[in-house]
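A.B. asks: Sequence:
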Amino acid sequence: MIDTGQLLLAEYEQIKQEQRARIGFRDNLLYATLGVMAAVIGSTLARGGHAEMLLLLPPLSVLLGWTYLVNDEKISAIGRYVRDELAPRLKELAPGNPEVFGWESAHRSDHRRHSRKRIQLAVDLLAFCVAPLAALVVYWVLGPLHWPLLLVSAAELAAVIALAHQVVRYADLGH
Numbered sequence: 163m164i165d166t167g168q169l170l171l172a173e174y175e176q177i178k179q180e181q182r183a184r185i186g187f188r189d190n191l192l193y194a195t196l197g198v199m200a201a202v203i204g205s206t207l208a209r210g211g212h213a214e215m216l217l218l219l220p221p222l223s224v225l226l227g228w229t230y231l232v233n234d235e236k237i238s239a240i241g242r243y244v245r246d247e248l249a250p251r252l253k254e255l256a257p258g259n260p261e262v263f264g265w266e267s268a269h270r271s272d273h274r275r276h277s278r279k280r281i282q283l284a285v286d287l288l289a290f291c292v293a294p295l296a297a298l299v300v301y302w303v304l305g306p307l308h309w310p311l312l313l314v315s316a317a318e319l320a321a322v323i324a325l326a327h328q329v330v331r332y333a334d335l336g337h
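For what it's worth, this note's numbering labels the leading residue of the sequence shown as 163, then goes sequentially.
Misleading hints may appear alongside valid ones.
[What the hints assert, rightly or not] Think about it this way: if two alpha-carbon atoms lie no more than 25 angstroms apart in a straight line, the pair counts; the simulated DSS-like pairs of lysine-lysine are:
1. 178 to 253
2. 279 to 236
3. 178 to 279
4. 178 to 236
Since the hints were made in silico from the structure, they are not lab data.
Take the sequences, apply the hints, and build the full model.
C.D. replies: Structure, rendered in structure tokens:
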């Protein structure tokens, strides 16, 4: 027969496995974004005079950025669940109520955490929002400024701004 403590530890192992997988996937999304940027910019330069190709960058960056953000939020949610749900329940079950899963809280109390979170916010905005905004500006400056492409670029601008808002909103700077 399995007791409650064993079940909670099994749940912990499963969600930590999910968290590790999400961390690896999330981190690879940044590399994928850099690869997409290099491919779009390289193709644009190779074709010379086709600045409209830069309009590929914003939707790709938004797609990758949103996926990055969703995974990052789930990684944080798993940490919160371990700290706020699993750890207290296991602590109650253990003789003497020892502290459990201390790392889940300890790493958040590092005095440099706030500066790291601010730098990470800047990196996320640079990779997923500033670069596609720069691509839009270059397109607007170099053209061709045909109305269908201008409409597309305006929609892309709205999407990038919406993503930037979400990136800032989920930055977790206060904790």
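A.B. asks: So, for every hint listed, does it hold in this structure?
C.D. replies: Quick rundown of the hints versus the structure:
For the given pair, residue 178 sits about 18 angstroms from residue 253 by alpha-carbon distance, which is consistent with the 25 angstroms threshold. Among the hinted pairs, residue 279 with residue 236 is consistent with the structure: their alpha-carbon atoms are about 16 angstroms apart, no more than 25 angstroms. A threshold of 25 angstroms between alpha carbons decides the hint, and for residue 178 with residue 279 the separation of about 21 angstroms falls inside it, so the pair holds. Pair hint residue 178 plus residue 236 holds up; C-alpha atoms about 11 angstroms apart against a cutoff of 25 angstroms.
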